[in-house]
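These two chains come separately, so use the hints to put the complex back together.
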Amino acid sequence: NAGVTQTPKFQVLKTGQSMTLQCAQDMNHNSMYWYRQDPGMGLRLIYYSASEGTTDKGEVPNGYNVSRLNKREFSLRLESAAPSQTSVYFCASSETQRNEKLFFGSGTQLSVL
Amino acid sequence: AQSVSQHNHHVILSEAASLELGCNYSYGGTVNLFWYVQYPGQHLQLLLKYFSGDPLVKGIKGFEAEFIKSKFSFNLRKPSVQWSDTAEYFCAVKRAGSYQLTFGKGTKLSVIP
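First to last, the sequence lines map onto chains B and S.
Quick note on numbering: the first sequence equals residues 112 to 224 in the numbering used here.
Quick note on numbering: the second sequence equals residues 80 to 192 in the numbering used here.
Honestly, the hints are just simulated from the structure, not real lab data.
One should not assume that every hint holds.
Here chain B is said to cover these stretches of chain S; the calculated rule only asks that three of the stretch's residues, wherever they fall, bring their Cβ under 8 Å from a Cβ of chain B [unchecked claim]:
| # | region |
| --- | --- |
| 1 | 117-131 |
| 2 | 181-190 |
To give an idea of the chain B side of the interface with chain S (calculated C-beta under 10 Å), a few residues [what the hints assert, rightly or not]:
| # | residue |
| --- | --- |
| 3 | TYR146 |
| 4 | GLN148 |
| 5 | GLY151 |
| 6 | MET152 |
| 7 | LEU154 |
| 8 | LEU156 |
| 9 | GLY169 |
| 10 | GLU170 |
| 11 | PHE201 |
| 12 | ALA203 |
| 13 | LEU213 |
| 14 | PHE215 |
Backbone N, C-alpha and C define an ideal beta-carbon position, used for all residues, glycine too.
The shape of chain S in the complex, shown without the other chains (with noise of 0.2 Å):
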């Protein structure tokens, strides 16, 4: 079976610092990648995906990722976080032609104004 490590449970960072969270799978054949956020109080919602093409993908509100296929990696990046950035990242695998997304145990990201 498939699986998602995140590497870091809490990451606290002040305000203008540069983010990379951690995430590696475990299934070897092709995957489709992505990171959801849940901030506070609010369900989960759909920062960026890869599913082919271009290794490095950009999504909402300045979130880039990186598929690196040899190191089984999708982290996450952000060069500058904001306060309004605080919430719950979780990175989720899916086999391609699969419909079960395997989500990471997130990394609760905390931003010091």
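In isolation and in its complexed conformation, chain B is listed as follows (with noise of 0.2 Å):
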């Protein structure tokens, strides 16, 4: 079983560059969500998709854009990358609407010179 599988692992970008984070679950889960997490932080919603079809801002949507492209698929889009945006980005699935319990991907580490 992978779970929730995100590609790349690492990627380094400059400042201005876009490009986008893939994820993928095979649990044929309902609920999707990007999370970044950074230093002293912890970790912080960027977007969500409740449902096939759905997407929601979470906590810092602003410099990123998703699709969800089908009930497997959800990717996170960085249209002109900023420092600020050097993190730890986490794809994360649920089964039902309640959050019960949420499965999260290995991660990509993000670099924006």
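In structure tokens form, the structure reads like this:
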């Protein structure tokens, strides 16, 4: 069982470059999430998708866009990367709307120079 | 907006010592409460959760947490820590019916053999 798979694991960008972080889950979960983790800040929700076809802003959505491509896949796009977006990004999914348990991917470490 | 406070940034214990990590939240309504753990180099995984019922909940690896509604607290405890418990621990809160999980900033636990 792969669970939640994120690609890439590491990425270095120059300021102004764009990129898309990919996330896929094979657990038939309805809800998917993107978080960023910064030292001393914990995890902060960027965007989430309660179900296929819907997306909503979380706590820190500025500078990001998302696409729920299908039930399995939820991508995060940085249109014009900034140094403030240097972080570790985690994708997560949950089975039900009650969000009883999140399953996390292994993370993408992104550096913006 | 709800917030989650974890009192300790870094806790250092010797093996067999008892552990208590504090967590307080600010939301006054019905909440669901979680503790997640992130072992070095790994992604987050659920330790335990509280939704309703017995306020003392038991999780994996001998951890437990007590929900005290009057104190808006959900402290994590373990009677005797092991070196393998070295990790970062995150408290998280979700308003009942909401999708958004709010994480605390995390407490890093270092257990000395």
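Verification of the hints:
1. 117-131: holds (count 7)
2. 181-190: Per the Cβ count (5), the hint holds.
3. TYR146: holds (8 Å)
4. GLN148: With a closest approach of 9 Å, the GLN148 of chain B hint holds.
5. GLY151: It holds, given that the least Cβ distance between GLY151 of chain B and chain S is near 6 Å, below 10 Å.
6. MET152: holds (6 Å)
7. LEU154: With a closest approach of 4 Å, the LEU154 of chain B hint holds.
8. LEU156: Check passed: Cβ of LEU156 of chain B comes within 6 Å of chain S, closer than 10 Å.
9. GLY169: holds (6 Å)
10. GLU170: It holds, given that the least Cβ distance between GLU170 of chain B and chain S is near 8 Å, below 10 Å.
11. PHE201: holds (7 Å)
12. ALA203: holds (8 Å)
13. LEU213: holds (7 Å)
14. PHE215: holds (4 Å)
In terms of the numbered hints stated before, the structure departs from none.
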